Amino acid sequence: MRYMKYDLSVVIPFYNEEDNVKDVILLHSNLLKKHKINYEIIAINNGSRDKTGEILDKLRNDRVKVVTVHKNIGYGNGLLQGLKHAKGEVVGWTGGDNEIPATALLSVYKKLIKENLDICKVTRTAREYNFYRKFVSASYNYFVCPLIFGGISRDINGYPKLMKRGCYESLKLRALDSFIDTELLVKARKKNFKVGEVQSIYSKRKKGKSNVKFYIVLEFIKNIILFKLTKKFDN
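For the sequence shown, numbering that gives the first Met the number 0 assigns the number 0 to the initial residue and increments by one for each residue that follows.
These are computed hints drawn from the structure, not numbers from a lab. Keep in mind it's a predicted model, so treat the numbers as computed, not measured. We treat Cβ as the ideally placed atom computed from N, Cα and C, and that holds for glycine. A few of these clues could be false.
[As the list claims (entries may be wrong)] Straight-line distance between alpha carbons at most 25 angstroms, and here's what the computed SDA-like set of lysine to any residue pairs gives:
#, residue 1, residue 2
1, Lys171, Arg153
2, Lys110, Tyr14
3, Lys109, Ile200
4, Lys32, Ile99
5, Lys50, Lys64
6, Lys110, Arg153
7, Lys189, Ser177
8, Lys113, Arg164
9, Lys21, His69
10, Lys21, His84
11, Lys4, His84
12, Lys32, Tyr5
13, Lys33, Lys109
[Stated by the list, open to error] Per label pair, the in silico range of CB-to-CB distance:
#, residue 1, residue 2, range
14, His84, Ser169, 17 to 25 angstroms
15, Asp49, Lys193, 34 to 42 angstroms
16, Lys110, Asp22, 36 to 44 angstroms
17, Arg188, His69, 18 to 26 angstroms
18, Arg173, Asp22, 19 to 27 angstroms
When you get a sec, could you build the whole thing from the sequences and use the hints?
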């Protein structure tokens with residue numbers, strides 16, 4: 000059996016998050032340390048053009064690894080680049096925008112271990128988003144995905160998402176953009192993996208600007224077509 004250095008490896012992508020990066024790293028580090036979890040954080044500077052990279056360099060230590068992606072070609076690519084470096088028995092990701100409490104990661108991890116799940120994730124119970132983001136999210140979760148893929152989750156894009164290493168390796172995730180969340184859950188259902196969910200409240204970001212743009216909707220449509228009609232995402 001392969002030896003893993005950590006119990007938990009969590010990837011956190013940052014794109015122009017100079018106002019949030021320090022708080023996000025320290026909040027997660029301090030919480031995991033407090034609960035005596037053997038962890039590593041893999042922080043991704045995903046092509047940031049602000050001071051995100053400089054701040055991350057100052058936060059490097061034995062527990063916080065920094066991976067620099069020089070050109071941002073997508074959210075999924077940032078995650079996949081980070082996961083290449085993950086050494087934990089449990090791997091996954093959470094957000095770098097400070098919209099969800101660090102305690103959500105702890106809750107997801109504990110449920111995965113306690114119930115011997117393959118995958119565990121957050122489902123958002125309250126979202127302080129603007130009308131556009133609420134509309135896009137609701138449309139995707141309650142109409143588009145159920146119609147095409149069936150009911151794979153009440154909140155497909157909810158994070159943190161954690162999974163056992165064997166599960167992650169078998170899924171062979173390939174999406175380079177935000178479709179990676181859907182890809183994970185669709186493939187997990189096909190393989191009959193046990194998936195659990197933890198409820199958590201998302202808060203409106205207090206610092207920085209959201210990077211959720213209209214073109215993400217077009218990305219979803221494109222990838223749904225590719226997923227259903229081609230072998231682009233096949234294992």
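Tested hints:
1. A hinted pair counts as satisfied when its Cα atoms are at most 25 angstroms apart, and Lys171 with Arg153 qualifies at roughly 23 angstroms.
2. A distance of roughly 29 angstroms separates the Cα atoms of Lys110 and Tyr14; the hinted pair therefore is violated under the 25 angstroms criterion.
3. Among the hinted pairs, Lys109 with Ile200 is consistent with the structure: their alpha-carbon atoms are about 18 angstroms apart, no more than 25 angstroms.
4. With a CA separation close to 19 angstroms, the supplied pair Lys32 and Ile99 stays within the 25 angstroms bound.
5. Proposed proximity of Lys50 and Lys64 is supported: the alpha carbons are some 17 angstroms apart, at most 25 angstroms.
6. About 18 angstroms separates the Cα atoms of Lys110 and Arg153, which keeps this hinted pair within 25 angstroms; it holds.
7. Taken as a hint, the Lys189 and Ser177 pair is honoured in the structure, with Cα atoms around 20 angstroms apart against an allowance of 25 angstroms.
8. As the CA atoms of Lys113 and Arg164 are separated by approximately 16 angstroms, the hinted pair is consistent with the 25 angstroms bound.
9. At roughly 20 angstroms between alpha-carbon atoms, Lys21 and His69 fall within 25 angstroms of each other, so this suggested pair holds.
10. For the given pair, Lys21 sits about 21 angstroms from His84 by alpha-carbon distance, which is consistent with the 25 angstroms threshold.
11. Only pairs whose Cα atoms come within 25 angstroms are accepted, and Lys4 paired with His84 is accepted, the gap being roughly 12 angstroms.
12. This hinted pair checks out: Lys32 and Tyr5 have alpha carbons roughly 13 angstroms apart, not beyond 25 angstroms.
13. At most 25 angstroms may separate the alpha-carbon atoms for a hinted pair to count; Lys33 and Lys109 meet this at roughly 14 angstroms.
14. Between His84 and Ser169 the beta carbons are some 19 angstroms apart, a value that agrees with the proposed interval 17 to 25 angstroms.
15. The beta-carbon spacing between Asp49 and Lys193, approximately 40 angstroms, falls within the hinted interval of 34 to 42 angstroms.
16. Checked against the given bound of 36 to 44 angstroms, the beta carbons of Lys110 and Asp22, roughly 25 angstroms apart, lie outside it.
17. Between Arg188 and His69 the beta carbons are some 35 angstroms apart, a value that contradicts the proposed interval 18 to 26 angstroms.
18. One distance hint, 19 to 27 angstroms for the beta-carbon pair Arg173 and Asp22, is violated here, with the actual separation near 32 angstroms.
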